[in-house]
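Line by line, the protein sequences give chains A and B.
Heads up, the first sequence is in this note's numbering, so the first residue is 885 and it goes up one at a time.
Heads up, the second sequence is in this note's numbering, so the first residue is 98 and it goes up one at a time.
Treat the hints as calculated values from the structure; they're not laboratory data.
Quick caveat, the model's predicted, so the values are computed rather than measured.
Every residue, glycine too, gets a C-beta built ideally from N, C-alpha and C.
Among these hints, one or two may not hold up.
Sample of chain A residues lacking proximity to chain B, with all beta carbon distances greater than 12 angstroms (derived) [unchecked claim]:
no. : residue
1   : A898
2   : A930
3   : L1002
4   : Y1005
5   : L1008
6   : L1019
7   : L1066
8   : Y1084
9   : M1118
10  : I1126
11  : Y1144
12  : S1148
13  : L1221
14  : V1228
15  : L1259
16  : I1291
Covered stretches of chain A, as calculated for chain B (at least 3 residues, CB under 8 angstroms) [stated by the list, open to error]:
no. : segment
17  : 1158-1172
18  : 1175-1187
19  : 1213-1219
20  : 1230-1238
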Amino acid sequence: MAQRATMPMILALAICTLGFATLIFVQEATSPPLIYGAYYAGTLFALYLAVRLWLPNSDVLILPLVTMLTGIGLVMIFRLTYNVPDAEGLAITQAVWIFGGSGALLFTVLLFRNYHRLFDYKYLFAFAAIFLICLTFTPLGYEVNGARLWVQVGPINFQPSEFARIALIIFFAGYLAEKRDLLAATSRTIAGIQFPNLKYFGPVALVWAASLGLLVFEKDLGSSLLFFAIPLLMLYVATGRIAYVILGSIMFAVGSTVAYFLFSHVQVRVRAWLDPWQDPDGEGFQILQSLFNIADGGLTGTGLGAGFAQTIPEVQTDFIFSAIASELGLLGATAVLLAFLVFVYRGIKISLMATDDSSKLLAYGLTTMFAIQTLVIIAGITKAIPLTGITLPFVSYGGSSIIGNFIIAGILLVISEKAGQKERGEPTYDYERGTA
Amino acid sequence: MNRHVRRTFYLFALGFVALVGVLAYWQVYASESLANDPENSLQTRRAIEAPRGFIFAGDGETVLAQSEEQPAEGGQNPTYSRIYPQGPLYAGIVGYWSTRYGATGIEIAENANLSGTADPATLDELINQMSGGPQPGNNIVLTLDHELQQIATEAIENSNTGRGSLMALDPQTGEILALASVPSYDPNNIDENFPSLLEDPDEPLLNRATQGLYSPGSVFKVVTAAAALKSGVEPSDRFVDSGVYEQPGYTVVNYDDGVYGAVNFAQALALSINTIFAEVAVEEIETGTITETSQDFGYGDEFEDFPLLVNPSRIGEGNVAQIAFGQDTNVSNVFEMALVAAAIGNDGAMMEPRLVREIRSPDGVIINRSQPSERNQVLEPEVANTLQDMMVGVIEEGTATVAQRPGVEIAGKTGTAEVPPNDPNSWFIASAPADEPEIAVAAMIENGGDGEEQGLPVAMAVIDAYLETGQEPETEDFPELGPDGLPEDLPEGLPQELPEDLPQVQPGGLPESIPEGLPPEIQEFFNQNQ
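With the hints as extra help, turn the sequences into a complete structure.
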């Protein structure tokens, strides 16, 4: 059992080692990639052992997948910033973030083994989420590339929305689990459309609208999309009523149209999506460079280090998948996509196996966020949909994103531990009844 | 609840499949059109990130093209630009390499080798290619003789019009020794000069030697003579020239209206008598044989294996009598005519013309060396030798007596191709030494006038240089010797007399005494022979 569980981890580390070894050949840089590689492998393997020790019944694939995705990200970030002035230290910073993320994951696992307590404070989480988003409007917040997403507290810069998302999902999971029956029941019908009792639906709509509205004014399209879609899907799963999804889609269509006419930055994104060639050196530059690099990769890719993904501005964050597609080709990019899909599958499986509604909804919400984030950013850089600035989970450069995603992985692990314990027949504490 | 969770998972899975589809669209289906998109600079970046291979002249030392590293701009990989140290001298052969205007010549013909995208030949290259790093290209060594190329180019430049072309090759191996086209252009900074070069009326971008097409005039008579010999005409067959050869609708006259009377066929070639060649072509040679023979010599062939673009020489519909002496629809160039001279000199066997001798890896390992190969047997050896003897007659007693060289028998043919209203093109083809030629040359000076006046000196300059370079240094380079076996006058600064204190040498060639301390064997040998 232990061997079967450890094998994927060893494979994941081997993939990353191969990546770093290739970089030695390509960049003719001897020690730095080796040091990153060894340091990275050590951190992740220690994390893996600790989790195996503390959560022996938890999901065995989550950490190997996290290892593989962060490892591929680190290799790409190192490769993309090597010898680039002003960006040379990014790989080291990312390695530090991964270290921090590992710490956050351990912290989550240790502190929230009895994660059901979180749901007792669900309203606090809702306020915390809105507070975090509001922080960017205070003097602490500042703008980068036209979007006011950043907050500086002392020496630490972070994107509050990355953490607000998690807090919001905890709130929705707790609240919806408690009120799902009431929300599913129809209280009144207006013009043939059935509406739930406003008393129970009110808090959901309020939090939802508040966070969404704030993000729209932050000009954070990617987060707005996530904040819109995730509560909607959680509501659908909790109540089983497709009407919520249909209603939500209509609202999305109306909201998008209004946003398009209201905000110039939305218009820019849509124009660049419809025809990037009309302004190839301006609005369309980033997406065109992304497409050229993806096309340059072909079926098998240019080979690690032989692509030209540095032509894409900000390639190490939102556009890192373009670099992967360019250098590893369709085959490599598909393999990475499969790794994401397996992560989603494991997250959904954890949700299915969870023993109580709130755990199910929490695992589902977090997995949904992971899935939508991945789909939206990759569809964006391939010009399938307009571009929205969000990171590729675990792979993109960025401290807030890395730490946030490690926390998500940690929560998924503790939920799976509970389900695993039950499956093995070990006594578990039933939080809903309050008896052992 | 689980049912709905599953449903959304299927939705996500569908989304991932769609993404793979979108990626496949860009990376496979639309890959090429995006690569060629005018906004896409990736291919250019790739091309300039690796040093291209060197191109060397035949000596393996004279650099014709090299890549020079440019200082890298922040964070980028270093880039390389192409330098042509010989400037216009080799432009027609080496070509240019531009990220804007494409490439020509050896630069494009051997691009796979030069750019390092050819199959790996050494372990280093294999490792390099596997890891995907920018790879230096292979080096190309051409067959060209640097000295001959210079002499040929200078000779054309010094001709009366300064426009023309020349090709020299080794008839036995097919290696091209010189390939000159004047005026040429400087392939350095081609990006800036290209538009003005395109509009230059002298057409410097045209490689006249291989791509130009001109009436060959009387040099083509050797092809007609070959056809005649194949048809049973003997060099000794007698013909009478009355100065005109009447043809329905056209009358052939001799150049400068000469009248030669009774001559044999060999003399007709030596004196380049148009009327007799017209008569032979019409009356002695079967219809189609001249065209057929010319095709055996390479007419109509694009020489696809040859690295440079060759515009095939051709004979169109026209007057056979005039085609026989290289006028009317008969057009050719020095590339073709040099091959004609070479094949006749090489017992009728035409060797495949070669411009690339070796391909070497960046560390000098020979990856590929071209071997002489026979293109085809154009003429029976006896026919070829007969024709070669007739061409010797051109030099010995015909129109090209100025090409006579002491000690070396030369076979040749002049040509004065009329291109009214301009002055005629001046042609000369030759091979030497005649019995087993080491070099065959064709030269043509545009609007130069008589063949022997402009084309001949240019061709002979190359032959003179080549046959001398192949020999020991001439004795006349040494100072005159006096009676005592010493030079009469030595360069200043050297002692002008023998030192007086030289040891006296005995008749046996041994000195009277030898210094002490020499090895015992020498001491013993000395004592025995004393």
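Violated hints - listed by number, lowest first: 9, 10, 13, 14, 15
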